[in-house]
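Based on the hints, put chain B in the right spot on chain A.
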Amino acid sequence: MRKVLSLLAVLVCFVVEVSAQSKPISGRIVDKTGQPIPNATIAIKGTAKATVANSEGNFTLNAKPGDQLNISAITYKTFTIKVGDQSSLSITLETAERLMDEVIVTAGGLKARRKEVGTASTVIKGDVLTVGKSTNVANALQGKVAGLMVSGTGGGVSSNFRVILRGQRSLTGNNQALVVLDNVIVPSSVLSSLNPEDIENINTLQGSGAAALYGSQASNGALIITTKKGKKGETSITASNTVMVESVGFFPKIQKKFGAGGTAYGLDANGKPSANYIENQAYGAAFDGVKRALGAPLEDKSQDSAYYSYNDGHLKFWEKGITNQTDLSLATGDEKSTFYLSGQYAKVTGTTPGDKYNRAVLRLNGSRKVGNKVTVTYSSSYTQNRYDITSSTGSMYSNMLNMPSNVDITKYKNWRTDKFANPNGYYNPWYQNPYFTADNYRSVSRNDYLTANIELKYTPIPGLDLTARQGLSTNNNSGKNTVGAFIYTEYAKHTDQSSKSDISASVSDGSGYTTNLLTDLLAQYNKKVSDFSINLTTGVQFNQNQSKFVGVSANGLVIPNLFTVGNGVGTPGAVESNFKARQVGVYGDLRIGYKDFIFLHGTSRNDWVSILNPENRSFFYPSVDVSFIASEVFDIIKNSPINYLKLRGGWSKVGQVNLGTSSDFGAYYLLPTFNPTNGFPFGSLAGYTVGNGLVSNNLTPEFTKGIEFGFDLNAYQDRITTSVTYFDTKTDNQTVNTTISNTTGFTTLLTNTGQTQTKGIEVTANVVALRSKDWEVSVGGNYSYEHNVVNFISADLPKLFLSGSGTGSSFAMGGKVFPVIMGYDYERDKQGHVIVDRTTGLPTKTSEIVVLGNATPRHRLGLNAGVSFKNFHFSVLFEHRGDYKIFNSMGPEMDWSGQGYRTAVYNRESFIYPNSVYEDANKPGTYITNTSVAIANGNGNNGFWTDGINRDVTSNYVTSGSFWKLREVSLSYSVPASILGKTKVIKDATISVQGRNLFLIMAKDNLYTDPEYSVAGNDNNGVGITGLNSAPPSRFYGATISLKF
Amino acid sequence: MRKIIAGISVAVVVLGTSCKKYLDINTNPNQATSATPELILPQALVNTASAINGYNTYGSQIAGYSANAGGYGGFGEAITYAFTSTGTGLWGTTYDNLEDYQTIIDKTEGIVAYNYFNAVAKIMKAYDFQLLVDAFNDVPYEEALLGVKKLTPAYTDGKTIYKSLTDELDKAIATINQTATGVTPLGSSDVLFAGNVTKWKQFANTIKLRLLIRGRGKVSFSNSIFSTDGFITSDALIDPVYVRDNGKQNPAWNTWAYGYTGSAANKAWMPTTFMFGFYDGHTLSDDGRGAAIYYQYPATGTNRLGYENYDVVSSPTGSFWYSGTDRDGKSNGNHVGILKGPDAGLPAMLAAESYFLQAEAVVRGILTGDGAALFNNGITASFKYLYTLPDGTVSGNPTDDAAAYRTKNASSALVNYALATTDDKKIEAIITQKYIALNFIHGHEAWNEYRRTHYPSIMTPGNAYTTFASVVSESTRPDKLPTRILYPTSESSYNSANMPKGITPFSSLIFWAL
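Chain order of the listed sequences is A and B. Under this note's numbering, the first residue of the first sequence carries the number 1, and numbering increases by one thereafter. Under this note's numbering, the first residue of the second sequence carries the number 1, and numbering increases by one thereafter.
Just chain A, with the same shape it has in the complex:
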C-alpha cells in the first residue's frame, strides 16, 4: 500500500494550471452523405469542458487554439480535431464498425465475422478479464459467460479450477473445456499459469459444434485465448502494481458453548460431563470462564493453563495472505512488424500459515511481413511457478478443529521455542499442534511452462492462404516432499494417556515433464462469385503428447534434517512412468454466404489415434450450422429499433477417445497389467500380481451428437445486446472406467457403455441504460439452465462410482441427474419422517446407500453492472448457483471434535429426534409421531453426536450448495490528461481498488465451506463433495496503480 501512496504523490505533482484564452467556436456535424448527426458529444480533451450538438448537428463551445476536440456519437467512430484559428468547423463522422461485423477467431484459428457464425460464442475482452486483478485466468472468467462454469476445487495458494462448458458429458472421461492459446491446443493447467494481463480476448465456444474443427478434444467446447500483439504505429509501455490482501471469508460454523472434556471423565453433581485438561473433544462442561490447567504438567513441573471460555482462535489461525503483483509490457509496431513484450512477477502468501507461492511470466509475441506474400507470426511465453506449502492441509485442519475453543490456538505458533507449543509439551496427547503439522510436513515444488507457436502464412495469389503452424507446450516440474523428524522425550511419550510416537524423517522427490507438439498445415481459399462468398479451408494436423515422471523416496532419514534420498534406511522407493500418444486429423471447413445475410457452414474431420486398437483408431465426424441475418432482409425489422437480428442453428457430431488423464493421454490402457507389489522382489525372487483393472476388448471412441439454435438480437444501435441459445446434446458409447465388485477378481472396468444427455438454455443480455457526456451506466447478466442427466449406463452397471470421501460418494446413476450424491440416510416412513426406536428414541441408518441429491447446479446466474462517471469507473459482478446439493465430509470430523454447531443445538442434553415417528407397537407398519421418546445421551464422547448413528449417516451432512457470491467489484479512476499535463511522459494513469469474493452467501444449512470445492480435485467428474483438504474460502481486496508511457 505504501507504494500506491507514493505513486499518487508523484501524480499530484503533474498538475499544471491551464491558461484561459478561450474563444467561442461553432460547428456542424454530419455523416458521409451530408446528413446532420444529432446529439453528438463534443469534449475538449483533458478537460471537463464539453457540449452536446443539437438535433441539426450544430454546436458552440469555448475553446482555444491548440485544444483537441473529441467528437463522439453512437454508431460513429470517434473523431479528434485540433482547434486552429478558425471559428467554425464542419466535421464529418465515419460510421463505426458495428458489433455484428466484428471479426472473431473461431475454431482452428479461422477468422469470421460475428454475423457469419451459426453457433453460440462469447468474447470476453482482456480488460473485463482483469478487472478483479486475479492472478489466475480461470478465476477471472467466473460468472462472466453463459454456459461456462468455473469452479475453484480447492483453496490455498495453489488452487485448482474445473472449467466446464454446458455441463458434463463424459461419465468418467475428461469434461473440461479445451484450451487453445494462440491457435495451439494446450493442457488446461496452462490456464492457471497465464498472465491475465497478456490476454487480448477469450472467445468461448460453448458447444461442441462450434469447436468441432479442433478434433476429438472439442466435444467439451473450447476457450480460444488470443494474446496481445503490437499495433502499427503505436508504441506504448505500461507498468502496474497490484497489492491484494487475502483473508478467510467463511469459517465453518462452530458451537461456542462447550469446551474440552466429556462423559468419559465422569459427571459432575448435576449430571453434566466434566471439563478435562487434555481432551481434544469439546464435549465437556459449559464454559464458565474459570482458569484451568491445560495438559499434563511438563517434565519441569510447569503446566499450561487457559480460561475455560470461548475464544476465536479458530478464526485467527488462518492468516492474512498478501499478493504483490508487478506488471510491465511494451507494445509497438510498424509497417512490417509488430512486437509485444511483457513480464509479470507475483508473490503470494496464503491464509494457511507458512504457505508461499511466486510466479514469474515472460511473454514475447510478434509478427513480421516478409515481402508481399509471406507473414511470420510468433508467440511465446515462459512461466515459472514456485510453491512452498504444507503437504498436510487436511490433518492440520483436523488437528486445529480438535482444539476446543477454550484453547487459544494462536498461542501455539512458536513450537520451536515455546515449551507448551512444542510437541513434547503440547497439551493434547493425541492430536498434533496444527502449527507444527503445517511446518513439519512440507512440499516445495516448481512447475514451469513454456508455450510457443510459430506460424508461416504464404499468400501465393490473392484469396489463397497456405499456413504452416507449429505449436509447442511443455511443462517441466519437480518437487520435494519432506517430513521432519521429531523424537519425543520418554516423559512426553508416557505421560497421561499419551499416544505420542516418534516421527521419523522422510523425503520423496520427483520430477517430470509433459510435452505437446502440434503441427497444422492448412490451406484457405476465399472467393466472391456474384452474390456468393466462399471460404474453404482444408488441413491436416499432427498431435503428439509425451510425458515422463520419475520419483524416489526414502524413509528413516539417518541425519534428521538432511532431506535427500541417499540418507534413508532400507531400499528407497522408486517409480518411473513414460507415456506417448499421437493423433492425426484431416479436416475441411466450408462457409458459403449469400448476399451477406445467410451463411451456411460445414466442417468435417477424420481422426486417427494411437491409443486404440488399429481397427478402432479411425473415426469421422461432421458438423453443419447456418446463420441468417433477418435484420438485413425484412423491412419490418429494419424500421424497428432492432438493428441486428441473427437466427442461427446447427447440428454436430464429435468423436472423442475419452481414456486416461492429462499426464498419460490414454496410452497403454488396452492390456491388463501385472505388477510386483507386497515387497517384491525379495532378493532374487521375483513376483507379479494380476493388476486390478479390467479392459473390455474393443474400446471405441465415444460420440457427442447435438443440436443448438438461438438468436442474437441487438437494438438501439447495439445499446441493447441479447443472445439466447437452446442446446441438446447426447453422448453415447461412453468410455467408462468404473469400480466394480471385487468378486469379479478386479476392481475397475474400462468399457464402452452408457449415454448422457445435457439440454439447456443460455441467455445473455446487456443494456447500456444511460449514456451521456459524463455518465455511462450499463447492466447485464447471463443465465444458464442445464439439465444434465445420465440416460442409462448398462444393465450390469446401474450406477458408477465417481469419487467419495467418508460415507458420501458421487455417483453417475441411470435415469438421474449427473452426478448424484449417494450415502446413508435414516430409515424414514413414507412421508419422510425419521423412524426412531420406540424405547431408545434412536434412529436407524439405512442398510444401503441412497440418492441424497443432485450435485450440479441447475441454475446459474451472473449479474454485472458498470457505472462510468467522468474519469471514474465502477463495476460489479455477482454470481449465483442454485438447485443442487453437496456433501460436506468435514462435518463428521467437526462432530467428532465437538466443535460442530449441530452438536450443541440441543445444549448437549437429551432430545427428541426432530420430525420423528416410531412404529405403533400394536399396528406394525403404521407410525406414531414422536413427541415423547427422547434420545438419552445427547452428549458426545460416548453419546449421540460422536456415535456412528450421527456421524456415519451421510444425509446429516448433505446440504444445499446454493450460493451468491460478489465475485468482483472494482472502482477505478483515470487521472485526466490535464493533471498529467504537458510532460507527455505519462500518457495514462489509472488507480483502482478492487475486491473479489467479498461476500459469500450460502444456504442456511451449509455450515461448512465453499460449495465450489471438490475433494475429487479438478480432473474428476465426481463433484459434490467438500472436505478438509482445502483452506476455508477467501476474500480478496486490494489496489492497483497502472501507468502508461
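Treat the hints as calculated values from the structure; they're not laboratory data. Careful: at least some of the hints might be erroneous.
Simulated coverage check for chain B against chain A, where a stretch passes if three residues somewhere in it have a Cβ under 8 Å from a Cβ of chain A [to be verified]:
| id | region |
| --- | --- |
| 1 | 94-107 |
| 2 | 237-251 |
| 3 | 263-273 |
Note that beta-carbon positions come from the ideal geometry of N, C-alpha and C, so glycine has one too.
Same frame as chain A, but now just chain B:
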C-alpha cells in the same frame, strides 16, 4: 490451383502409408502385460500372508486376544460390535488374492507341465474361499473371478461352497498324483513348502479336514475320505525370506511391532486380561508360553475390550506381543513368541491346529486314532512354534515345557485330556487349547471355532478374566458378542442386486455357527 490440389493429394497418400507407423506406439513401456505362473505364484502366496495378517487382526479383536489400549479413543464399532465397516477390507484383499490363484488355474488347466502350479493354486483357492465363507457366509463363488464375463456375480450358499471346496481339494491332490514326468517343479516359486508336493497334499488334506469338521451335519460332502498323505505335522509358514526393509517385513511384525525404519507400529491395541488368564494362573498356569509371548510377563499390561477409562496403560513401542527386551526397533527382532522379528515366516496353518483338528475328528468319528495323543501333540506343537526363532531354530525345550505345563495344570480338564470324560468336555478341551495355540496368530480361526462351539467358555456378565465380550457391547445376544461382520459397502454399491439383505451383526449366523 491444380498444382496445389495435386500437392495435397500426394501429401494425403504419403500420410496414409506412414500413418500406421506413426500411430503404432501403444506398447506399454511401464508395466508387464503378461506373466508366467512361476512369477504369479510367489506373489500370490505372499499376498495370502498379508491377508492372513488382516484376518488375524479382525479375529483377535472380536475373539478376545486384543483389547483397546490406553492413549487412544474413538474405537467405536470395534468395541460396541455395531459393525458397519469392521473387517470389510478383508473382502477385497481376499478376492484380489483369489484372482492371482484363478489366473494361475486358467493359465495351467490341462497343461501337464504345470500340474503342480495348477494344484497349488486350487489348494490356495480353497484356503481363501474358506476364509471368506467363515467371515461372510454366502459369497460369490461360481460366478466370481470371471472378470468381464460376469460383472455382478451371484452369491452362492456357504454350504454349497464348502462342498465344492472339498471336491476341488480332492482334484488338486489327484492332479499332483497324475504324473511326475515332465512336470515343472514348483522350485523357488513355492514360498510355503519349498517345492515339497507331499506337504502340499498334506496341507490340502488338513484344509479339507477343517471344512469337514466345520460343515459337519450341515453340508452333504461328496467324499469324506482323505488321501494317504496324512495331515501337516509342522507349521506351514509363508516366507519369501522376509527382511527388515521397505515393504519386505513379516506383515504381522510390520503391523504390530516396528516399521522397517524402527518407527512404532500400531499402538492402539494390547492383550486382553481374559487371554492373559490362560497364562498367569487365573484360568490356567503357563509361564513357559506366557513369557515367550508377552513383554514384561507377568507384569504385562492388559485390558478388557471396551474399557476406555484413563487408567488403561498405553502400549509400549513394539507392543506387548513382542517379548524381547531389546526395543530399539532398528536392530532388534530375533526372539521367540508371537512377534518374533521382521524376518520370521508367517503361518498359513500351525501344526498345532492340524493336531487339534485331528483330535476333534477322532471325537466326532471322522477319523480314527488316539485322541489324547493328538491333543497332547497339539499342545507340544504350540510350545514348539512359540519357542522357535525367526530363523527356524528352537530356543529352549518345548517338549519338556509342554510336559511341565501338563503337570502344573493336571487338575484341569482343559489340559489333562484324561479328565475330559465326555465328548463335550473333550471338545471343550480341544477347542480351548486351540484357542490358546492360535493366540494373536490366527485370531479369525479362534473366532470361527468360538462361534461353532462356544468354547472357550465365558461367563455373562463376567469380569475381565471370565469373558472377552466388550464392556460396551451393544449385542443383544446372551453372550454379548456379535455373530458376524457385514458385507462391505462396495458390494452394496456395485453388486447390490445379488448381495443378501437384512444381515445384522447380532442375528445373522454363519451357517455352521451356534
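Outcome of the hint check:
1. 94-107: holds (count 7)
2. 237-251: holds (count 10)
3. 263-273: holds (count 4)
The earlier numbered hints are all upheld by this structure, with none contradicted.
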